[in-house]
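Got chain A; can you put chain B on it based on the hints?
In case you want the letters, here they are:
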Amino acid sequence: MTTVLEQQTIQDEFKNRMNEDELLNCMRCGFCLPSCPTYITSGYKETHSPRGRIALMKAVVDGLIEPDEDFEKSLNQCLGCRACEPVCPSGVNYGHLLEEARDIINQNKKHSLPVRTVRKVVFDGLFPHPNRMRTVTGLLGFYQRSGLQKVARAAGVMKLFPESLATMERVLPKVPTMREMKNRPEFVPSQGTTTKRVAFFTGCLMDTMFLETNNATMKLLQLAGCEIVIPKDQSCCGALHGHSGEKDGSKELAKQNIKAFEDLNVDYIITNAGGCGAFLVDYDHLLKDDPQWKDRAVDFKNKIKDISQILYEADFHKKVKLQLPYQIITYQDSCHLRNVMKTASAPRELLRAIDGIDFKEMKDADRCCGSAGIYNIVESEMSMQILDYKMEQTKATHATTVVTANPGCLLQMKLGIERENLSDKMRAVHIVDVLLEAVVK
Amino acid sequence: MLKEEIRKKLIAVVGEENFDDSKVGRLAYSFDATPNFQAMPDGVVSPRNTEEVSSLIKICNEYKIPVVPRGTGTNLCGGTCPTEGGIVFLFKHMNKILEIDEENLTATVQPGAITLDLINAVEAKGLFYPPDPGSMKSSTLGGNINENSGGLRGLKYGVTRDYVIALEIVLPNGDIMRSGGKLAKDVAGYDFTRLFVGSEGTLGIITEATLKLVPKPETKKTMLALYQDLEAAARSVSKIIASKIIPTTLEFLDQATITVVEDYVKIGLPTDAKAVLLIEQDGSPEVVQKDIEKMTDICKSENAVSVQVAQSDEEAEQLTTARRWALSALARLKPTTILEDATVPRSEIANMVKAINEIAKKYDLNICTFGHAGDGNLHPTVPTDARNKEEMERVEKAFEEIFIKAVELGGTITGEHGVGIMKAPYLELKLGKEGIAAMKAVKAALDPNNIMNPGKIFAKDSRKRVVVGK
Numbered sequence: 001m002t003t004v005l006e007q008q009t010i011q012d013e014f015k016n017r018m019n020e021d022e023l024l025n026c027m028r029c030g031f032c033l034p035s036c037p038t039y040i041t042s043g044y045k046e047t048h049s050p051r052g053r054i055a056l057m058k059a060v061v062d063g064l065i066e067p068d069e070d071f072e073k074s075l076n077q078c079l080g081c082r083a084c085e086p087v088c089p090s091g092v093n094y095g096h097l098l099e100e101a102r103d104i105i106n107q108n109k110k111h112s113l114p115v116r117t118v119r120k121v122v123f124d125g126l127f128p129h130p131n132r133m134r135t136v137t138g139l140l141g142f143y144q145r146s147g148l149q150k151v152a153r154a155a156g157v158m159k160l161f162p163e164s165l166a167t168m169e170r171v172l173p174k175v176p177t178m179r180e181m182k183n184r185p186e187f188v189p190s191q192g193t194t195t196k197r198v199a200f201f202t203g204c205l206m207d208t209m210f211l212e213t214n215n216a217t218m219k220l221l222q223l224a225g226c227e228i229v230i231p232k233d234q235s236c237c238g239a240l241h242g243h244s245g246e247k248d249g250s251k252e253l254a255k256q257n258i259k260a261f262e263d264l265n266v267d268y269i270i271t272n273a274g275g276c277g278a279f280l281v282d283y284d285h286l287l288k289d290d291p292q293w294k295d296r297a298v299d300f301k302n303k304i305k306d307i308s309q310i311l312y313e314a315d316f317h318k319k320v321k322l323q324l325p326y327q328i329i330t331y332q333d334s335c336h337l338r339n340v341m342k343t344a345s346a347p348r349e350l351l352r353a354i355d356g357i358d359f360k361e362m363k364d365a366d367r368c369c370g371s372a373g374i375y376n377i378v379e380s381e382m383s384m385q386i387l388d389y390k391m392e393q394t395k396a397t398h399a400t401t402v403v404t405a406n407p408g409c410l411l412q413m414k415l416g417i418e419r420e421n422l423s424d425k426m427r428a429v430h431i432v433d434v435l436l437e438a439v440v441k
Numbered sequence: 001m002l003k004e005e006i007r008k009k010l011i012a013v014v015g016e017e018n019f020d021d022s023k024v025g026r027l028a029y030s031f032d033a034t035p036n037f038q039a040m041p042d043g044v045v046s047p048r049n050t051e052e053v054s055s056l057i058k059i060c061n062e063y064k065i066p067v068v069p070r071g072t073g074t075n076l077c078g079g080t081c082p083t084e085g086g087i088v089f090l091f092k093h094m095n096k097i098l099e100i101d102e103e104n105l106t107a108t109v110q111p112g113a114i115t116l117d118l119i120n121a122v123e124a125k126g127l128f129y130p131p132d133p134g135s136m137k138s139s140t141l142g143g144n145i146n147e148n149s150g151g152l153r154g155l156k157y158g159v160t161r162d163y164v165i166a167l168e169i170v171l172p173n174g175d176i177m178r179s180g181g182k183l184a185k186d187v188a189g190y191d192f193t194r195l196f197v198g199s200e201g202t203l204g205i206i207t208e209a210t211l212k213l214v215p216k217p218e219t220k221k222t223m224l225a226l227y228q229d230l231e232a233a234a235r236s237v238s239k240i241i242a243s244k245i246i247p248t249t250l251e252f253l254d255q256a257t258i259t260v261v262e263d264y265v266k267i268g269l270p271t272d273a274k275a276v277l278l279i280e281q282d283g284s285p286e287v288v289q290k291d292i293e294k295m296t297d298i299c300k301s302e303n304a305v306s307v308q309v310a311q312s313d314e315e316a317e318q319l320t321t322a323r324r325w326a327l328s329a330l331a332r333l334k335p336t337t338i339l340e341d342a343t344v345p346r347s348e349i350a351n352m353v354k355a356i357n358e359i360a361k362k363y364d365l366n367i368c369t370f371g372h373a374g375d376g377n378l379h380p381t382v383p384t385d386a387r388n389k390e391e392m393e394r395v396e397k398a399f400e401e402i403f404i405k406a407v408e409l410g411g412t413i414t415g416e417h418g419v420g421i422m423k424a425p426y427l428e429l430k431l432g433k434e435g436i437a438a439m440k441a442v443k444a445a446l447d448p449n450n451i452m453n454p455g456k457i458f459a460k461d462s463r464k465r466v467v468v469g470k
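From first to last, the protein sequence lines are chains A and B.
Take the first sequence: its position 185, counted from the start at 1, is 185 in our numbering, and no numbers get skipped.
Take the second sequence: its position 211, counted from the start at 1, is 211 in our numbering, and no numbers get skipped.
The hints are simulated quantities; they were obtained by calculation from the structure and are not laboratory data.
Ideal Cβ positions, reconstructed from N, Cα and C, are used throughout, including at glycine.
You may find that some hints are simply not true.
Among the chain B residues that face chain A by a calculated CB cut under 7 Å, a handful are [claimed, not checked]: (1) Thr72; (2) Lys92; (3) Ser306; (4) Ala310; (5) Ala438.
Have a look at the derived ranges for each label pair, beta carbon to beta carbon [claimed, not checked]: (6) A:Gln385 / B:Met40: 24 to 34 Å; (7) B:Pro285 / A:Lys174: 56 to 66 Å; (8) A:Leu422 / B:Met177: 48 to 58 Å; (9) B:Asn173 / A:Glu418: 48 to 58 Å; (10) A:Asp366 / B:Met40: 27 to 37 Å.
Next comes chain B alone, as it looks inside the complex:
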């Protein structure tokens, strides 16, 4: 419960209508898309502008109250779950696309703007904002920036980080600072833009962002290749890249996922296939045509049992069906769906998938793996039931092994979902003690009272916990 004194001060800034500490109002922001994490905040505020954010954060800093900035809460790392209570900051009023600058190829947005709205708005002007996280229909750009979200187009176009060029930030002491600009070149001081991208709300609050845009590709083509052999699919991926083609999308589904998808949508996928590759290329028509032909040859030479190239938009739509339905099909199997994002160098994809299959067998789990083969970002997914404590223990252990294996192969514990609270206990695997110490020093310098999204990124203890408990 908030002290009346603090409550009054917060209301004085945003007004009664933008402050909520009712039980129902707080409950609605006690969770995000991460399974099994729930904690009540003490209040919820919806500031209307940067100055209000600054005033609010000053109050929180004075009273040392945790601040949890939140977009639409679609993240998968527990990043916006208010595990230590405090005040949830919503950006539903600060949700405008402020400007699309066609001369400088930039878009300036408020943090609450919806990702897909921006994508649509810039495409209407013949421009392109490539980051396309799976939740883009509902996710906010502020959330994407704080989590450094990826997506299906990451292989060719990179991730959110590669498109953020300027930020307006409110620091924990209430100072308002700006980093970067509409500039391709800018080396004036530390690169705070990059530091804040992916900072998961632990350093300050992003109140405005300028994003880089690129010209919209002229055309896109889609193809689908089926394999009886996992290694052959992996070799195809390597060969495609080695022959100097960077496709927009290079997605992978393993046998377990194919089976689940086919059971659910019944589109005639061969369930004995060991792997499916969904490949898309965009660009000028000539280049796209040439690349698709070349990739078809590569897949065939690697013994793909079938290679289909879509001749129309409808056919392309059909070919992407399996990939689009992967999450739905998996989510419908069991009440709880745990989706991870261990990532390895793309040359290690086959090794990683094999390791995941062995780990699944060892812990007697049904782990289905799909993901972005082109950039090594895999989504091993376990359909399970949070009420089954014994199975959840096994899920826990299996994921721990998967993370260890990924790091061993030169990879990382998270490619695009973020650390949050879910993977905080594993961060040391990736960074080592020294890395963690250096990051903590940065955090302490900017946020000495540790009010910004406390408990995230850095684990409180070494107790390893991925999915169990509250």
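Pulled out of the complex, with its shape left as it was, chain A reads as follows:
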């Protein structure tokens, strides 16, 4: 519950902090409606559309409505996929408005004790600390390898959790050992002639739970003629914080990352997670009011590139022979990779270049899968409805391989496959893993 006093503070903060120009920029034309997954899934509720949400934010600023529970619900149910941005004639930066609004609500609202504890652990205690991320992933590894997983499953412990979490437990990848996670390289030379020098943004989840995918990423970069620097001082990108109303936390992480990458003399900074990449290219907006950091943030942002994009630009698919046994492959866009980093054709072109396979576009591949950070846990019901639609489209392609470009999407698609009992017929993989698999040695 939000108290009346909290509502008043939130309303005042909306007046002070929300960007009025940006709010007015929305001309309410409704062109965003068909692109919004929650508008569609909610049965066409305007309160669950981008236009509606912007109108609600503006109405709070104008004092027409109070920021009550319904208002919060409308904002909470937004995936933040930003599919509304590319279709907006006025170019409204919806993502920025949403982040600001969520930050205001979160900073001025007293959460219940359990929620507060979870948030504190996740945002302050876990993600900003690579060593702790390793420890937690290590624990998961212990759980998986020690037989505890079998015991827990047999005892029905997972039944105590919400359905999506319980299924999630089944689809988590086999995690690497502590030793594998700790012994990470800081420099990797190219194979053959060096054409580019790049830095690799490893990401917290990618460098623990999806370590193999990070290794594959570096391997592909090597093959593409890149020498790779992996600065040790890098941290979590801060997206999780930013999207959940913990803006200050994300600013600190941004500064740490800018510092870690700025003197490396590299052409690009490579990411393999659309969600991280999109947040990294937004650092200039995040730090726009900080004179000491804003220019450095612009330099940083200008170097960010997704792995698919750099491979495509380096003609990797033309220089390296790619081949796989016959299978139908389909691609699910990472919303942030597509809508924010504007990388949509590169991954498709790379996949099409694989000999022996059939690439089939699924209907609405550009619509969110419902993962959206921790959305699939906190807004489970809506997320699962969105996932059901996604699985319908996936199945219609008869694909046996679903390719994604972001860890959240990857887990969500694995979850979808598990929920449909298709684990023996269909797999979900990160694009770099399937590309490395296709490299003819």
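Only chain B this time, still in chain A's reference frame:
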């Protein structure tokens, strides 16, 4: 606030889940795509079928509560803004394409069906539904019918009106009536189908429509012509029509629009060009080829500085870039974008554009004009800022002059956006006192309690107001 008694009655019809009078729920339907209009409804209902619409409207009629039918609220005349409160009717449940009849070439739809979904569905069967309003990706057919929407293909194919052949209507007293049929010929009584098309929700609620379809054209070709002289572009338009070619699309962009578009998309448009014509023709390949050649000759003979004909779909896409980005480029200039649709006989296009430019100068405004040159339907657009009251006053006055000029030239105050509340004060310019009186008589006969979308079409007072105020 709704009385508890009325609230209960409405809920009894549609169920709790289809009734909303929360503040947030009402706020979300307090506006449409028209700048500067906002008013809270008292409640929002989502009926599931015609019978529910009838029951709901009876309750509203009994208590004399305003009824505002709404599709997706993409109109530009304030048509769905509940300026007098009341109940907003949504058609999100009644959104099916009921039938595509390939023998009679018709489609029967519910009002909430999305325009583009219908277009795609019929094209998959080799058929064609031509009306293509700019908002077709999100607009509903019910909304299109009520506003009599136009689009880019209006010159050759006409507008929504030309494709509606039968309606199911719920009248304000709750009666359910049907007009028209799957018929090319039908003269049984007054043509209520035509009366309801473009009635802006002021006469009753359309709950089902049968639309006429045509065979899908075999091919389409696109060309683009640039001019250093506005008159030359206008003469090209007239000459094309005079030589008995009716292109599908004949779009026009003026210099101000070209400059704004080029600034934004940087596709190498010459910003010193005074006018651009985008022309498309569809039909059988031979006819299309012949027409495009003929039109190329005409444009050249009228001193077009460049004429490009697309050789592939990709090239066609490129040529249409400028026109497609016009609205976006304009919308990004300033927070508020006011887009009007004054329309003149096509022979008066050059005169109208010149008049608009003079009016812009007089009121010191940046008015960019683009639009459908082929059917005389122009979109003078002002990028402005609703917070700047002084400038908004000037915008107001400029548009008033534009409307007066359009009517003087034998045109109209609105070609495709509708009157709504935005242009109600100007309707008399077009219709005269007598015309308004006759229309009011029709309205009073069908809706004696004035519950249907009150305040729209007919101005309450003679105070002229286009864009200022709430």
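Name the hints, by number, that the structure is in violation of.
Violated hints: 3, 4 and 5; rest satisfied.
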